[in-house]
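For the record, the sequence lines run as chains A and B. Under our numbering, the first sequence has 41 at position 41, and the numbering climbs by one with no breaks. Add 1000 to the 1-based position in the second sequence for our numbering, that's all there is to it.
Everything labelled a hint here was simulated from the structure, so no lab data went into it. There could be a bad hint or two in this list.
[To be verified] Cross-link-like lysine-lysine pairs, in silico, PhoX-like; alpha carbons within 25 Å at most:
{"id": "1", "chain 1": "B", "residue 1": "K1021", "chain 2": "A", "residue 2": "K108"}
{"id": "2", "chain 1": "A", "residue 1": "K37", "chain 2": "B", "residue 2": "K1108"}
{"id": "3", "chain 1": "A", "residue 1": "K37", "chain 2": "A", "residue 2": "K108"}
[Stated by the list, open to error] To be clear about the criterion: a stretch of chain A counts as covered by chain B if any three or more of its residues have a C-beta under 8 Å from a C-beta of chain B, and this derived list gives those stretches:
{"id": "4", "stretch": "23-34"}
{"id": "5", "stretch": "72-81"}
Backbone N, C-alpha and C fix where the C-beta goes; we use that ideal spot for every residue, glycine too.
Number of protein chains: 2
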Amino acid sequence: MKTLTCLCKSISEEEMDDIKKHIPKDNTIQNMAEFFKVFGDSTRLKILYYLSRHELCVADLALLVNMQQSAISHQLKLLRLNRLVKYRKEGTTNYYSLDDEHINSIFKVALEHLQEL
Amino acid sequence: MKTLTCLCKSISEEEMDDIKKHIPKDNTIQNMAEFFKVFGDSTRLKILYYLSRHELCVADLALLVNMQQSAISHQLKLLRLNRLVKYRKEGTTNYYSLDDEHINSIFKVALEHLQEL
DNA sequence: GTAATATATGAACATATATTCATAAAGGAG
DNA sequence: CTCCTTTATGAATATATGTTCATATATTAC
Chain A
1 MKTLTCLCKS
11 ISEEEMDDIK
21 KHIPKDNTIQ
31 NMAEFFKVFG
41 DSTRLKILYY
51 LSRHELCVAD
61 LALLVNMQQS
71 AISHQLKLLR
81 LNRLVKYRKE
91 GTTNYYSLDD
101 EHINSIFKVA
111 LEHLQEL
Chain B
1001 MKTLTCLCKS
1011 ISEEEMDDIK
1021 KHIPKDNTIQ
1031 NMAEFFKVFG
1041 DSTRLKILYY
1051 LSRHELCVAD
1061 LALLVNMQQS
1071 AISHQLKLLR
1081 LNRLVKYRKE
1091 GTTNYYSLDD
1101 EHINSIFKVA
1111 LEHLQEL
């Protein structure tokens, strides 16, 4: 009573082995997943949109996104760790801006896809 | 004792209003987030990789990803709902394949980004 | 020194998500 | 019809994640 016999072989064992052999390393896939996960939250997308328009401090972002300063700060930390934003200090104020040119291409691809649905 | 005075205005109120006015609709942002969320999981990324190489049935995918058939089936449902995969029936067997040409461009952008870290 | 401001952070909580298990549904073979 | 196979699905569970609250840190002004 095997669960996975699968006689459906439209593909040969050799082909399957070959395909399996060429899959990116588990670590790479994990990193890719982490990368996409960052974009998979509307609060972070809003932050990224606003920063794509203008360098902004945390309080301004909180105003624009209409969310607590603490929430924004937590999300900015995540974005920082993933190198999507950077900041410069000026007194107690931190001015955030985008740190990655790929963000715009990524937005574009996503919009293209969504427009076709 | 306001929490958000923010005198940091490197940006004028008018500019902020303007930027806020042009942000995509909340619904659009929500959809973008959902879209990215789909890619933000290593199991789904593996499935997408394998399907990019060959049309496959559920049991074969379970073998390749080395995960239970049920788990694969649940993930395939999600991928179906987001129109990233499609399938054709042949008897009791379902052959899955990719349903979106953007997937490859998306993979590429992500890899580019990761290689720069 | 104190007071006020901007930001960061830890704990707590609620919600979302991925996986497993058990089982249902549907088709093919006998 | 019954048995077997392939896939889908609902419930349960464990884990991850986003937000809030309270508070810490750091800088500036007085």
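Okay, the hints, checked on the actual structure:
no. : hint               : result
1   : K1021(B) - K108(A) : holds (20 Å)
2   : K37(A) - K1108(B)  : holds (16 Å)
3   : K37(A) - K108(A)   : holds (17 Å)
4   : 23-34              : holds (count 10)
5   : 72-81              : violated (count 0)
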